[in-house]
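Residue numbers (the numbering used here), protein chains in the order written: chain A, 4 to 968; chain B, 595 to 1025.
It should be emphasised that the hints constitute simulated quantities derived from the structure, not laboratory data. For every residue, glycine included, the Cβ atom is placed at its ideal position computed from N, Cα and C. There could be a bad hint or two in this list.
Heads up, simulated DMTMM-like pairs for lysine to aspartate or glutamate below, C-alpha to C-alpha not over 20 Å straight-line [said to hold, decoys possible]:
| # | chain 1 | residue 1 | chain 2 | residue 2 |
| --- | --- | --- | --- | --- |
| 1 | B | 1007 | A | 380 |
| 2 | B | 834 | A | 233 |
| 3 | A | 347 | B | 780 |
| 4 | B | 615 | A | 136 |
| 5 | B | 1004 | A | 315 |
| 6 | A | 302 | B | 823 |
| 7 | A | 65 | B | 637 |
| 8 | A | 342 | B | 780 |
| 9 | B | 697 | A | 66 |
| 10 | A | 347 | B | 637 |
| 11 | B | 1007 | A | 52 |
| 12 | A | 303 | B | 709 |
| 13 | B | 697 | A | 233 |
| 14 | B | 657 | A | 315 |
| 15 | B | 632 | A | 350 |
| 16 | A | 342 | B | 823 |
| 17 | B | 787 | A | 315 |
| 18 | A | 55 | B | 709 |
| 19 | B | 931 | A | 136 |
| 20 | B | 1007 | A | 37 |
| 21 | A | 303 | B | 837 |
| 22 | B | 960 | A | 384 |
| 23 | A | 65 | B | 607 |
| 24 | A | 342 | B | 607 |
| 25 | A | 302 | A | 315 |
| 26 | A | 338 | B | 823 |
| 27 | B | 615 | A | 140 |
| 28 | B | 931 | A | 350 |
| 29 | A | 422 | B | 878 |
| 30 | A | 47 | A | 66 |
Every beta carbon over 12 Å from chain A, so not counted as near; a handful from chain B, in silico [stated by the list, open to error]:
| # | residue |
| --- | --- |
| 31 | 666 |
| 32 | 720 |
| 33 | 795 |
| 34 | 850 |
| 35 | 903 |
So you can see what is in the structure, the chains are spelled out below.
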Amino acid sequence: MQEWANQLCENRQFGSKMTDSKYFTTTKKGEIFELKAELNSDKKEKKKEAVKKVIASMTVGKDVSALFPDVVNCMQTDNLELKKLVYLYLMNYAKSQPDMAIMAVNTFVKDCEDPNPLIRALAVRTMGCIRVDKITEYLCEPLRKCLKDEDPYVRKTAAVCVAKLHDINAQLVEDQGFLDTLKDLISDSNPMVVANAVAALSEIAESHPNSNLLDLNPQSINKLLTALNECTEWGQIFILDCLANYTPRDDRESQSICERVTPRLSHANSAVVLSAVKVLMKFMEMLPKDLDYYGTLLKKLAPPLVTLLSAEPELQYVALRNINLIVQKRPEILKHEMKVFFVKYNDPIYVKLEKLDIMIRLASQANIAQVLAELKEYATEVDVDFVRKAVRAIGRCAIKVEQSAERCVSTLLDLIQTKVNYVVQEAIVVIKDIFRKYPNKYESVIATLCENLDSLDEPEARAAMIWIVGEYAERIDNADELLESFLEGFHDESTQVQLQLLTAIVKLFLKKPTETQELVQQVLSLATQDSDNPDLRDRGYIYWRLLSTDPVAAKEVVLAEKPLISEETDLIEPTLLEELICHIGTLASVYHKPPSAFVEGSRGVQHKRLPARAGSGESAESPDTVSTGGVSEAPPAVIPSQGDLLGDLLNLDLTPPTTTGPPPPTSSMQMGAMDLLGGGLDSLLGGDIGGSPAMGASFGAPPAVMPGSFNAPVSGGLSDLFDLGGGVGMPMGAYVPPKTVWLPAMKAKGLEISGTFARRSGVVQMEMTLTNKAMSVMGDFAIQFNRNSFGLAPAGPLQVLTPFTPNQSIEVTLPLNTVGPVMKMEPLNNLQVAVKNNIDVFYFSCQYPISMLFVEDGKMERQVFLATWKDIPNDNESQFQIKDCHLNSDAASNKLQGSNIFTIAKRTVDGQDMLYQSMKLTNGIWILAELKVQAGNPNYTISLKCRAPEVAQSVFQSYEAVLKN
Amino acid sequence: MINSLFLINHSGDIFLEKHWKSVISRSVCDYFFEAKEKAVEPENVPPVLQTPHHYLISIYRDKLFFLSVIQTEVPPLFVIEFLHRVAEMFQDYFGECSEMVIKDNVVIVYELLEEMLDNGFPLATESNVLKEMIRPPTILRSVVNTLTGSSNVGETLPTGQLSTIPWRRAGVKYTNNEAYFDVIEEIDAILDKSGTTVFAEIQGVIEACVKLSGMPDLTLSFMNPRLLDDVSFHPCVRFKRWESERVLSFIPPDGNFTLMTYHVSAQNLVAIPVYVKQNISFFESGSCGRLDLTVGPKQTMGKTVEGMMITVHMPKAVLSANLTATQGTYTYDLATKVLVWDIGKLNPQKLPNLRGSLSLQSGAPKPEENPSLNIDLKIQQLAISGLKVNRLDMYGEKYKPFKGVKYVTKAGKFQVIRHDWTVFLACKGKP
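Bound conformation, chain A alone (with noise of 0.2 Å):
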């Protein structure tokens, strides 16, 4: 009592002091035991001072663990502050002691038949927060009992207890029946109710993305469409974002979940305004653009979207990214909105680098001289990032409107005289640019760009530099000495800036011949003989033997005529953007990937699409399906559905390529492609080598002039030019099938690949061209084969050189081995391939022709052949026709040598030639072959015995596509 009072005496004497901040005071010895007594106090006030004590010690982070059993003792009270407090303490322990946790429980269930709705809610809130499997299990009934509760609130409540238990224990939620009883939930009377269960059900899909858990028809549309004027702000969001997720039947219900969609956008909460916006993106595509309603949601969706715009800067941001994915989308929305994403002074650094983006994906002629001045001013900003992001503005709004480009020069010639060393260097690369676009206009501030040649130190802008140089070397009297000068630290250079000179001073050589030789002699034994960068060599040995061989034609390559860049270089690639339109307000949207790319735990995220709009002829369609139609027969398939059989690729680990290792064996094909840079050569090079399948064969094969008939003294570059040869040369005779288009760009967000099969010197490998076809830059390469007849599986990683550039070809060999997992295929030699990249992972199938199975030491001998053939049953015998064969025997036996088809007899029968044959595969089955050809008749007959005659179809294949190659 005596206490009791000195305390009452303190709370007087400090009455403003009386605050938590005394639970803070610091970890004394005795504390927890002090706490114990106080716990154990008959006084209810003490008690809950106590727990109060022991709330604020555990918020800290200091271990109250210990006073577990003494806090649960003060659970079975009805203060409700007291009971709430104890809750809370217990979903922070009850993890680290179990056991005690189990005390709880009788308590729990008590009151979730407790006449007051708050407290039953706030029990079966509670339950579901304690992550202990032994409490889960008495969950299920109170839970049960409460999702049917008279009482909205505790429906509500329970509704997203399901998503917590599904958390804990989802087999339990499915075992119990608890989806139904959710799912049921969004009919319910009470639109917190149904908000709550939308909210539980999309999280819970979330981690099943193929339950069909929401599944949604027009009758649960409409009755979402009636919760979502109801019920909370939250709910709101959920419901718009479950909408999303819909595809109408046809533009008359697109447009009338649109109407009353769209009172949202003039919700307070940007959450539910952005929700609202990815509905109305989404659903709009379905609209007839000559609807009358089709312009005026269109006229609706700007003012939202501005206004966004002046919410706190976290807000904007967000806002801001996926403004942007909305203006690539639909221009028209912003087009007169300009002004609104003008930097302000004070904006954060990140909302201004966007607000830049956007800024010039709406410049046009219209605007462009508001837009020029604003740029002009940020470059005399001070923070670096944001300033070279305007100067490199200013080059795009030169390359995207052509009126505005002679203003945007001058405006980089005026930051250029300003001297500031980033500032230079930015204006420099883009000028670059700029020269690309408009060839021949502006070369008049060559000059110019000259005097700031030393202050140059970044690679990209040395090397825009010497491009300029040597690109208008006709015009730069000194062009020689300037690119001399960059020669005498050539190997302290980037490759970037290496490549650059190499490819300048050759064009150099080739306007100005006679007074740089010596210059183009050095750079050429510079970059073969002294460098280790084998793309450097590489391109060194191209030129060389280009200028040794026929210089006109290397006039005509170097110098060819450039491809006109791109307005803008930096759109999202269509079907990306499409996918991101449909994820409007999430973190996709803020990264610019699908969701796929980077969340974690999205197994198998399903791709999302924009509905086709009506009329269009074609629903909407997964873009998965392919419509392969008549040529549903062909090998290069995509493969049609992500069924069970591509559940084994889903789960198999795609290991990305490793950065380090030897560079692939086709490096030198790269060479070409891979000077996109801005290079001057080279997409004609590129192009050239890149296409052709044959490649291999056009440079190894003719001998004709090495580098040393060039009059340069060349011992080393000799044989290194024939590995380069030999790297690619295939040994004659093995057939290797043309490539085929197994992946078409189109069904790959922008990669093709095409691509065969080859057994050269006994090692199987798969040899593909890859193709860039998309606006971005790909990486991360890896590829994983399904189970297949044979266990083929890659004997190393996929590896693609990067950075692989838009439009850039690659060619790329894996070698393969017959180790992998077996599963027989049909047909058998049906190949199911998973690639992949930075953007996605692609499946297609393809075949492969048996022929490449068929081991070196698949020659049979001659008793064992007669024996064999006799042991196998006749059953197992198959005859083809091979039509319009006009080899002769002994032709035919060679040739189907070269394939490991060996001839080990040949009977001559009535003008009839027989020739015996055998062949062994990979996994060791024998096949024995006899082949009769008859001279003058052009058609062959085989018969094949093979103690696994599923075989022979293939074999039949490959032996008629051997003898017609």
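Dock chain B against the given chain A, drawing on the hints supplied.
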């Protein structure tokens, strides 16, 4: 959904953490600290960060970082909106949002956070509802509570949680029934040197303080609702009525709330109330410069401009300023290079002027930058857009409420001179 919340103070200490699902170690914040380090200024920390296993979404408010951790795909705006709501709730409960006040009320904070989210899903975020469940602290109440042993927590189910009007509790009773509306407009504008408007818009907001008994149903109408084409409303406003009749019809929340925000972007509607004549020049030699500023009224609709203040961000090389102001006072902060001229009331008869010399760091090159000016001002009894409330009617209750409307115009992000248009456009012909 939202997994955890960390509150982090200006110097980077985590002083409170709350987990709504399994506990996530506070080491996850290291990624945030890394980004904070990189951003230098706390305002510049990117709001969405990706870490190997989590996403960190943060806001910076009142010198505190509210950092939330999420694990699955969640709309980031949803998280950011929620975090702002948390900050507002602290402000509402404790009068300010600071580390000290949060620590002082840590148990209430904890109770609030628990009530605001369940399993990461928002539960109760309306201030009215929360206050019914958890009473805000007052000195008087904490003393009374200690004496009587009564609790901070309401025993009854908050009525608003279940009705279709979650923002209002049942059984509200006042002896004086009153409803006040403040129409507040902020001008965001960028003017160039010659005074031409480069960009101007008005951000408007109607703040309401409604203390009415029972279930009043209000209708607010405007003289000129056509002005408003870009609006966003409190959830209580019936959108259908607005679309068809251009009136605001609503059952108000109890107490203070934001009824609507709007945005007037048509430039001909945005009056610019003041002009600034400025001349800031630096000399090639002698390490000095001159400054001459004059402010005058432009379109003030006959009202007085008050609280005039001009802020100039000087180039780095400016060491000091020796100026004379005909009205008000000026300060020059050496560290931040910010010149602030506090003018006060604008007198149209005698225009305030500030002039004098600037001294530069010796040897520094002549600064290139054209300093931009930020303007602050206030005009009472005027909504610069011309928006006027016509009348307020109440249905559903019998008593006569006391009604009032107040207007005020302020400067938002109001800047003068970023660049000289005429000069720039003249460059057109230059080769």
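What hints, given by number in increasing order, does this structure fail?
Checked against the structure, the hints that fail are numbers 7, 11, 12, 13, 17, 19, 20, 24, 25, 30, 31, 32, 33, while the rest are satisfied.
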